[in-house]
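Asks: The lines below spell out each chain.
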Amino acid sequence: MNSKQNWQEFFIPRLIKACGYSAIVFVALIFFFLLREGLPTLVEVPLKALLDPRWYPIEEHFGILPLISGSLLVTVGAMLVAMPFGIGTAVFISEIAPRWVREILKPLIELLGGLPSVMLGFLGILVLAPFLRVFLNLPTGLTALAGSLLLGAIAVPTVVSIAEDALDAVPRGYREGAWALGATKWQTIWRVTLPAAKSGVLTAVMLGIGRSIGETMTVMMVTGNAPVLAVKLNSIFSPVRTMTATIAAEMGEVASGSVHYRVLFFIGIVLFLISLIVNISASAVIFRSKKRAERILS
Amino acid sequence: MPMVKISIQALSLQYADGTESLRGINLDIHANAITVLFGPAGGGKSSLLRCLNRLNDLTEVRTLAGRILVDGQDILDPKTDVIALRRKVGMVFARPVVLPFSIRGNLTYGLELAGERRKSRLDEAVETSLRQVALWDEVKDRLDDPAIALSGGQQQRLCLARVLALRPEVILLDEPTSGLDPISTGKVEASLQELKRNHTIILVPHSIQQAARVADYAAFFLQGELIEYAPGADLFTAPRDKRTGDYITGRFG
Ligand SMILES: Nc1ncnc2c1ncn2[C@@H]1O[C@H](COP(=O)(O)OP(=O)(O)OP(=O)(O)O)[C@@H](O)[C@H]1O
Ligand SMILES: [Mg+2]
Numbered sequence: 001m002n003s004k005q006n007w008q009e010f011f012i013p014r015l016i017k018a019c020g021y022s023a024i025v026f027v028a029l030i031f032f033f034l035l036r037e038g039l040p041t042l043v044e045v046p047l048k049a050l051l052d053p054r055w056y057p058i059e060e061h062f063g064i065l066p067l068i069s070g071s072l073l074v075t076v077g078a079m080l081v082a083m084p085f086g087i088g089t090a091v092f093i094s095e096i097a098p099r100w101v102r103e104i105l106k107p108l109i110e111l112l113g114g115l116p117s118v119m120l121g122f123l124g125i126l127v128l129a130p131f132l133r134v135f136l137n138l139p140t141g142l143t144a145l146a147g148s149l150l151l152g153a154i155a156v157p158t159v160v161s162i163a164e165d166a167l168d169a170v171p172r173g174y175r176e177g178a179w180a181l182g183a184t185k186w187q188t189i190w191r192v193t194l195p196a197a198k199s200g201v202l203t204a205v206m207l208g209i210g211r212s213i214g215e216t217m218t219v220m221m222v223t224g225n226a227p228v229l230a231v232k233l234n235s236i237f238s239p240v241r242t243m244t245a246t247i248a249a250e251m252g253e254v255a256s257g258s259v260h261y262r263v264l265f266f267i268g269i270v271l272f273l274i275s276l277i278v279n280i281s282a283s284a285v286i287f288r289s290k291k292r293a294e295r296i297l298s
Numbered sequence: 001m002p003m004v005k006i007s008i009q010a011l012s013l014q015y016a017d018g019t020e021s022l023r024g025i026n027l028d029i030h031a032n033a034i035t036v037l038f039g040p041a042g043g044g045k046s047s048l049l050r051c052l053n054r055l056n057d058l059t060e061v062r063t064l065a066g067r068i069l070v071d072g073q074d075i076l077d078p079k080t081d082v083i084a085l086r087r088k089v090g091m092v093f094a095r096p097v098v099l100p101f102s103i104r105g106n107l108t109y110g111l112e113l114a115g116e117r118r119k120s121r122l123d124e125a126v127e128t129s130l131r132q133v134a135l136w137d138e139v140k141d142r143l144d145d146p147a148i149a150l151s152g153g154q155q156q157r158l159c160l161a162r163v164l165a166l167r168p169e170v171i172l173l174d175e176p177t178s179g180l181d182p183i184s185t186g187k188v189e190a191s192l193q194e195l196k197r198n199h200t201i202i203l204v205p206h207s208i209q210q211a212a213r214v215a216d217y218a219a220f221f222l223q224g225e226l227i228e229y230a231p232g233a234d235l236f237t238a239p240r241d242k243r244t245g246d247y248i249t250g251r252f253g
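As you go down the protein sequences, you meet chains A and B in turn. Going by the numbering used here, the first sequence opens with residue 1, and the numbers climb by one from there. Going by the numbering used here, the second sequence opens with residue 1, and the numbers climb by one from there.
Since the hints were derived computationally from the structure, they do not count as laboratory data. Fair warning: this is a prediction, and the values are worked out from it, not measured in the lab. Even for Gly, the Cβ is constructed at its ideal location relative to N, Cα and C. Among the clues, some could well be false.
Simulated crosslink set (BS3-like; lysine-lysine; CA at most 27 angstroms straight-line) [claimed, not checked]:
1. A:LYS185 to B:LYS119
2. A:LYS17 to A:LYS4
3. B:LYS88 to A:LYS185
4. A:LYS106 to A:LYS185
5. B:LYS119 to B:LYS79
6. A:LYS185 to B:LYS140
7. A:LYS232 to A:LYS48
8. B:LYS140 to B:LYS119
According to the in silico footprint, chain A covers these stretches of chain B (three or more CB under 8 angstroms from chain A) [claimed, not checked]:
9. 52-59
10. 89-98
11. 110-121
12. 132-139
Could you build all of it, start to finish, from the sequences and the hints given here?
Replies: Put into structure tokens, the structure is as follows:
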């Protein structure tokens, strides 16, 4: 028995360690691969060509700005949908809904989060896009707006479930304290509960952004995929093309090692960096508010 | 005979999970006195306090029967203005929970909710209420610091001050000194003696000693029932019910 225990003591911690380190190794490998395939772009394609306002690879126009602006436009739009809706739903579930409603809503929203995005894309093409075309009187309903609305719907479950956890973690005493001072339920939510859950709610929003900027299938199906530089606010009503959709649509057709192939990888690097920035700023925000709380408490 | 401020009549409370926490309570609370509710854990003391300013509205309750008259008005009546009631009947909780604002913000929040905007009034309320709980000298130079930076004892007194700032007529205190050292406890008890001149105070003490020290009237609760209610001087020296006697002499509890 003793030798078996020793054996366990020896192997299990090492196994767990190996699992942990392998995660780091995988991320490093992916990043390395991206860099190896994508960085030569900077040598082969002059920077000026990358800043070209046109993406038309067949004629050697490799301007990636339309794709970046397309991704940003759709993501910002998605967050404008997902933030109020997601936070609102989280507040409703954790603060307002009676218990039986909460018990139905929570699993339902988690189910929604697990829905394959290609199904939402279907809905987008068959229902949302025609509706937008008729309702807004546009030449086509396949626009950045359609992408934003659907991506928003995709990000909502993420935002809801994390924001709801954060609200749930606010001590009951905060609410009772405010109620006992004569605050209404709504005043309590707005002035006390939400501010107290601030860092968790911010995390929810950041992860929601991460979820939408990386989403591929839906945007490919509903944004119309026209690589047009989105500079004006009303670009939201025209077709756009995102970085993810471009990579997904074109990677299968390019010759390995060609300039087009390299540029697609370069777009991958840009995408990776954007996600990294979103994640780092999220943790910086959380870290800062934690540190402040610690400083105050000590 | 002192005036009756609150009259509790045949009050029964059952939570949604079936716990019967109050059974047929009849109790008259006198104005300008400290009434102490004491007894072993789970006796229903906190539940009773929470009925008095309708905080139980926000918990899941199966049945709430009986009447609670405050100045002759039945506050359990659905037509009662609950917000006004909570301003009139203030509550201090066992665990101090300062709100995530500055010290000043904690004190002015209730007043701002009540519509007070004049800065002079707010400043005056901040100073008066802090003096009432003997906290003014300790914090007067850092009113804009986050309230969470105060020590536990200071937070507890701040929570009391923030209720006083609303000038309630009745103050409910649920073990307000449970986390405090003897010196802070002494300060709070001294403030209560001051406050009872203008307020009606109902206190759940954190020990029998405290109950005996501060009680003008004392009510002994056991498993949701009111066992004995008498002036403090009588109840702690010559309890009439054997169970009260056993509890205060430490034979059970
Ligand atoms: N929200 C609630 N839901 C269900 N049961 C509850 C709730 N709050 C209190 N109870 C139950 O009601 C009974 C009375 O509780 P209460 O908190 O009023 O006792 P107490 O006298 O204040 O006790 P303590 O001295 O421990 O604070 C207990 O059995 C408790 O478990
Ligand atoms: Mg209690």
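Asks: Now tell me, hint by hint, if it's right for this structure.
Replies: Checked hints:
As the CA atoms of LYS185 of chain A and LYS119 of chain B are separated by approximately 26 angstroms, the hinted pair is consistent with the 27 angstroms bound. A C-alpha spacing of about 20 angstroms is found between LYS17 of chain A and LYS4 of chain A, which places the hinted pair at or below 27 angstroms, so the restraint holds. A C-alpha spacing of about 18 angstroms is found between LYS88 of chain B and LYS185 of chain A, which places the hinted pair at or below 27 angstroms, so the restraint holds. Our distance criterion of 27 angstroms between C-alpha atoms is met by LYS106 of chain A and LYS185 of chain A, whose separation comes to about 21 angstroms.
For a cut-off of 27 angstroms, the pair hint linking LYS119 of chain B to LYS79 of chain B is broken: about 33 angstroms separates their Cα positions. A C-alpha spacing of about 31 angstroms is found between LYS185 of chain A and LYS140 of chain B, which places the hinted pair above 27 angstroms, so the restraint is violated. At most 27 angstroms may separate the alpha-carbon atoms for a hinted pair to count; LYS232 of chain A and LYS48 of chain A meet this at roughly 22 angstroms. Between LYS140 of chain B and LYS119 of chain B the CA atoms are separated by roughly 17 angstroms; this keeps the pair inside 27 angstroms, and the hint holds.
Coverage of the segment 52-59 of chain B by chain A holds. Counting CB-CB distances below 8 angstroms, 3 residues qualify, and the rule asks for three or more. Chain A is given as covering the segment 89-98 of chain B, and this holds because 6 residues of the stretch bring a CB closer than 8 angstroms to a CB of that chain, at least three being needed. Interface restraint, the segment 110-121 of chain B with chain A: holds (3 residues with C-beta to C-beta distance below 8 angstroms; minimum three). With 0 residues having a Cβ less than 8 angstroms from any Cβ of chain A, the segment 132-139 of chain B misses the three-residue criterion, and the hint is violated.
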